[in-house]
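*Asks:* So the protein lines, in turn, are chains A and B.
Take numbering that gives the first Met the number 0: the last position of the first sequence gets the number 615, and nothing is skipped along the way.
Take numbering that gives the first Met the number 0: the last position of the second sequence gets the number 349, and nothing is skipped along the way.
Mixed in with the good hints there might be a few duds.
[As the list claims (entries may be wrong)] Subject to a maximum C-alpha distance of 30 Å in a straight line, what follows is the list of computed DSS-like cross-link-like pairs (lysine-lysine):
(1) B:K314 with A:K270
(2) A:K270 with B:K72
(3) A:K529 with B:K338
(4) B:K72 with A:K489
(5) A:K489 with B:K73
(6) B:K338 with B:K314
(7) B:K89 with B:K72
(8) A:K25 with A:K575
(9) A:K598 with A:K535
(10) B:K72 with A:K535
(11) B:K74 with A:K417
(12) B:K338 with A:K486
To be clear, the hints were calculated from the coordinates, so they are not data collected in a lab.
Keep in mind that this is a model prediction, so the values were computed, not measured.
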Amino acid sequence: MSTATTQKRGFGAVLWDYLTTVDHKKVGILYLIGGGFFFLLGGLEALIIRIQLITPENDFISAGLYNEMITMHGTTMIFLAATPLLFGLMNYVMPLQIGARDVAFPFLNSLGFWLFFSGGILLNLSWFTGAPDAGWTNYAPLSLQSPGHGVDFYVMGLQLSGAGTLMSGINFLVTIVTMRAPGMTYMRMPLFTWTTFVTSILTLFAFPALTVGLFLMMFDRMFGTAFFDVALGGNSVIWQHLFWIFGHPEVYILILPAFGIFSEIIPTFAKKRLFGYTAMVFATFMIAFLGFMVWAHHMFTVGLGPVANSIFAIATMAIAVPTGIKIFNWLLTLWGGSITINSAMLWTLAFIPSFTIGGMTGVMLGSAVADYQYHDTYFVVAHFHYVIVGGVVFAILAAMHYWWPKMFGRILHEGLGKLAFWTFFIGFHLTFFIQHFLGLMGMPRRYWVFLENQGLDTGNLISTIGAFFMTFGIIVFLINIVYTAMKGEKAPADPWDARTLEWSIASPPAHYNFKQMPLVRGLDPLWIEKSEGNGKITPAEPLDEIHMPNSSILPLIMTIGFFIASYGFIYQVDHKAWLIAVYGGMAIAIGSMLIRSLKDDHGHHITKEELEREAD
Amino acid sequence: MKGWMGKSKALFLFTMLALFLAGCGKENLTALEPKGYGADKSMELILLTTIIMVGVFLVVMLIYVIALIRFRKKKGKEDFIPKQVEGNHKLETIWTVIPIILVLIISVPTVIATFDLADDTQASESISVEVTGNQYWWHFSYDGEEVVTSQDLYIPTGERVYLNMLSSDVIHSFWVPSISGKMDVNPENVNTMYLEAHEEGVYWGKCAELCGPSHSLMDFKVIAVSPEEYDQWVSDMQSVDPEAVPEDAVAQEGQELFEANSCVACHAIGSSPAATGPNLTNFGDRSTIAGILEPTKENLVDWIMDPESIKPGNKMTGAYPSISEEEADRIAEYLMQLKPSEITPESAGN
Numbered sequence: 000m001s002t003a004t005t006q007k008r009g010f011g012a013v014l015w016d017y018l019t020t021v022d023h024k025k026v027g028i029l030y031l032i033g034g035g036f037f038f039l040l041g042g043l044e045a046l047i048i049r050i051q052l053i054t055p056e057n058d059f060i061s062a063g064l065y066n067e068m069i070t071m072h073g074t075t076m077i078f079l080a081a082t083p084l085l086f087g088l089m090n091y092v093m094p095l096q097i098g099a100r101d102v103a104f105p106f107l108n109s110l111g112f113w114l115f116f117s118g119g120i121l122l123n124l125s126w127f128t129g130a131p132d133a134g135w136t137n138y139a140p141l142s143l144q145s146p147g148h149g150v151d152f153y154v155m156g157l158q159l160s161g162a163g164t165l166m167s168g169i170n171f172l173v174t175i176v177t178m179r180a181p182g183m184t185y186m187r188m189p190l191f192t193w194t195t196f197v198t199s200i201l202t203l204f205a206f207p208a209l210t211v212g213l214f215l216m217m218f219d220r221m222f223g224t225a226f227f228d229v230a231l232g233g234n235s236v237i238w239q240h241l242f243w244i245f246g247h248p249e250v251y252i253l254i255l256p257a258f259g260i261f262s263e264i265i266p267t268f269a270k271k272r273l274f275g276y277t278a279m280v281f282a283t284f285m286i287a288f289l290g291f292m293v294w295a296h297h298m299f300t301v302g303l304g305p306v307a308n309s310i311f312a313i314a315t316m317a318i319a320v321p322t323g324i325k326i327f328n329w330l331l332t333l334w335g336g337s338i339t340i341n342s343a344m345l346w347t348l349a350f351i352p353s354f355t356i357g358g359m360t361g362v363m364l365g366s367a368v369a370d371y372q373y374h375d376t377y378f379v380v381a382h383f384h385y386v387i388v389g390g391v392v393f394a395i396l397a398a399m400h401y402w403w404p405k406m407f408g409r410i411l412h413e414g415l416g417k418l419a420f421w422t423f424f425i426g427f428h429l430t431f432f433i434q435h436f437l438g439l440m441g442m443p444r445r446y447w448v449f450l451e452n453q454g455l456d457t458g459n460l461i462s463t464i465g466a467f468f469m470t471f472g473i474i475v476f477l478i479n480i481v482y483t484a485m486k487g488e489k490a491p492a493d494p495w496d497a498r499t500l501e502w503s504i505a506s507p508p509a510h511y512n513f514k515q516m517p518l519v520r521g522l523d524p525l526w527i528e529k530s531e532g533n534g535k536i537t538p539a540e541p542l543d544e545i546h547m548p549n550s551s552i553l554p555l556i557m558t559i560g561f562f563i564a565s566y567g568f569i570y571q572v573d574h575k576a577w578l579i580a581v582y583g584g585m586a587i588a589i590g591s592m593l594i595r596s597l598k599d600d601h602g603h604h605i606t607k608e609e610l611e612r613e614a615d
Numbered sequence: 000m001k002g003w004m005g006k007s008k009a010l011f012l013f014t015m016l017a018l019f020l021a022g023c024g025k026e027n028l029t030a031l032e033p034k035g036y037g038a039d040k041s042m043e044l045i046l047l048t049t050i051i052m053v054g055v056f057l058v059v060m061l062i063y064v065i066a067l068i069r070f071r072k073k074k075g076k077e078d079f080i081p082k083q084v085e086g087n088h089k090l091e092t093i094w095t096v097i098p099i100i101l102v103l104i105i106s107v108p109t110v111i112a113t114f115d116l117a118d119d120t121q122a123s124e125s126i127s128v129e130v131t132g133n134q135y136w137w138h139f140s141y142d143g144e145e146v147v148t149s150q151d152l153y154i155p156t157g158e159r160v161y162l163n164m165l166s167s168d169v170i171h172s173f174w175v176p177s178i179s180g181k182m183d184v185n186p187e188n189v190n191t192m193y194l195e196a197h198e199e200g201v202y203w204g205k206c207a208e209l210c211g212p213s214h215s216l217m218d219f220k221v222i223a224v225s226p227e228e229y230d231q232w233v234s235d236m237q238s239v240d241p242e243a244v245p246e247d248a249v250a251q252e253g254q255e256l257f258e259a260n261s262c263v264a265c266h267a268i269g270s271s272p273a274a275t276g277p278n279l280t281n282f283g284d285r286s287t288i289a290g291i292l293e294p295t296k297e298n299l300v301d302w303i304m305d306p307e308s309i310k311p312g313n314k315m316t317g318a319y320p321s322i323s324e325e326e327a328d329r330i331a332e333y334l335m336q337l338k339p340s341e342i343t344p345e346s347a348g349n
């Protein structure tokens, strides 16, 4: 087995392997490690925020540092934790689910990861000199006035990581369109693959708006333009539009894969095919389509006028319809099933009520005049944490339990899994439910302190206590990972009696995934073979040599080039000598591109003999 | 709207009562006890949507709980393979159509209320106030009255007061939860909203858009008084003589220091439109110092000596030569005596 050979290699060899890998599974694991690291960092920032708000007029951290903390918490969680964790899962699982041996552009995949990671590192390096402090939404003109280089780090860091995300989106799209196994028609694709597909479309159309916004912001801050500077004829509301034309679809970029994850886990553990598959696919497209039509509901109080507010209010509420379809289809999948409740399923079952609350408050926020009260208060904070923690984070944790055996060949410990679940789940509701009321009781968001004698003390105290529960849950989850790595139960190929293609191959899979292309005979191909055939997927081709891409260090070098150039851009404002870094960095990046373009790399072949030798 | 209100009035009152019992925050701050027209409109929609959504939630939870109890894997039937159901057109149609109807039910009053609150047909015959948002204080200038103030906005009860709002720096958001929802205060365009308070009182106002380190300290007050008291207040403010010399010697010294130390370069007394710093015409009547502190002389001295320690990032820090505590005390004495009117936050029920 390939695991045996990896164990014999030294640390240096493993490190080099990961630095140069273009294997979608290893890139996926890199995404999970990178995203996981930033998730912990963002969590720490959240805890500091909650400690600051434990009592009225607290001075645990200063006002300026507090604004840096909220900005970095939001930015980190959205761009550097949630998105990459989901992209890691998509990277790992989607090619296995469609019966592919890798993604369409393996080199680009690796480049996408390194760009995301370097963008995240760049952004977090700002902690040493002053982090961005204008909120994760970075509204002009506050962001233009922000002293120091914090906002510059925000702009360059997100530009880098955004480029990586955009590349991955394109890569996934091409992979799904062109690399499905024989018989894997669109309407036989698992829901997680479908949501990866739709998410990639969203990424493709949403991220350019952010890119444009960030470029304008970069020029305003570094090169003296005035796109957002009112005094010189600019307009700061334009930033809000650009940001939210990206920002709202981004919410769906996060939640649709989460829906996909739950649509895999529920049928597996209910032992029943997904209820209303066609409607689920249709609802996914509807959500994505409507998701582009509602960005101005983040701007109801900007003064766009009653016509715009009314249109965006109705469009926003309309999203409840396809979302409702999904919730009821999941419920009806459970109905009549034979339900096993383990850690993966606990996170999934907890998602349904938690996310439903988030969806409900979403409709409530969509009612524009009601939003005049909710807007920019803790009500909104509660709402989006119900959606993003109760939806996305629960999904990521469910997916970890579900696919961990496939990825690492071991099953996460159930007892620890349940302990982590219950503490996190209780902590989550303690932290955020009360915040709905805090908002309506007059507590705006992004408040460094709340004053004494305003009736906000108890609510904030409860919220902070909840945050400690959540922290405890995450620590238990980390302990679980370490425990499982050392003593975890070995996983068979199909530990859950699951339904989709990824469970038909070894855990973890060989680096070429499928020895022979699988022949797909319907939705849930493995389930079909288990219930109607001999339990084995029929190959679609005779055993033959496999063509695989070569590893390359170029993506990393190219990224280092961009990283150096970004640093140069930030500091050339202070001293022109930093332009050396800009030119030097770009030279490295463009040089790497030239090498990549001019040097032929035909990949390598795994011979038939090798494949036969590895046969089980 | 009227019909809906009538039918669900009992439900409305019941829910209000439930909210009261649950504790809904500080009176005159919380949006859950509306005391103005805009806050009423928001509250109606909050209640309507909450009731519908809680209903939806209960349906979801009912199916969810029954499914989980009835369809857990049974002991002794581990090998049971459930029927693989593809879907059900009738059910799927039902849960598509019902949400569409619910959305429509919410949409109609939402659109009506949205246009209602944006109505500016009465603006020309109403009181209107130019509101300027600044880091981290509010400037109020009454149109056609030559009355200028800051931090405390006086309005008459029972009538619309139009606010034309513009920011001098970054985006702020004007929010008086008990009277009305919020509206952003942008640097590029004048946003208009109206306030209509039902009863007299001192209402808390807050800035709701991140505007810098002291964003959370940019509080202000709306002081709603009877129309007669309002007229009285306006005429009191109009009759202020900015040059008037205070009677006692300490305050006189304070006034001289106020002028000598360039305080007066930013802070106007009287109806001067200058708005570099807060207008101090009725400073002695103010409900707070710097928007957040109790209105005592000690607090004012602390503020003058070191504003940075109270409001980080404010524009007053470093704008004047350092002064001794004694001098600050005299300036404070002078400012605390600026009480042009009998109509104060106290008289309005602070």
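*Asks:* State for each hint whether it applies.
*Replies:* Each hint tested on the structure:
1. B:K314 with A:K270: violated (65 Å)
2. A:K270 with B:K72: Holds, at roughly 10 Å.
3. A:K529 with B:K338: The hint is violated at about 87 Å.
4. B:K72 with A:K489: holds (24 Å)
5. A:K489 with B:K73: This hinted pair holds, its Cα atoms lying about 26 Å apart.
6. B:K338 with B:K314: Given pair K338 of chain B, K314 of chain B holds - Cα atoms ~25 Å apart, limit 30 Å.
7. B:K89 with B:K72: holds (28 Å)
8. A:K25 with A:K575: violated (40 Å)
9. A:K598 with A:K535: Not satisfied, since the Cα-Cα distance of roughly 41 Å exceeds 30 Å.
10. B:K72 with A:K535: holds (26 Å)
11. B:K74 with A:K417: holds (21 Å)
12. B:K338 with A:K486: violated (77 Å)
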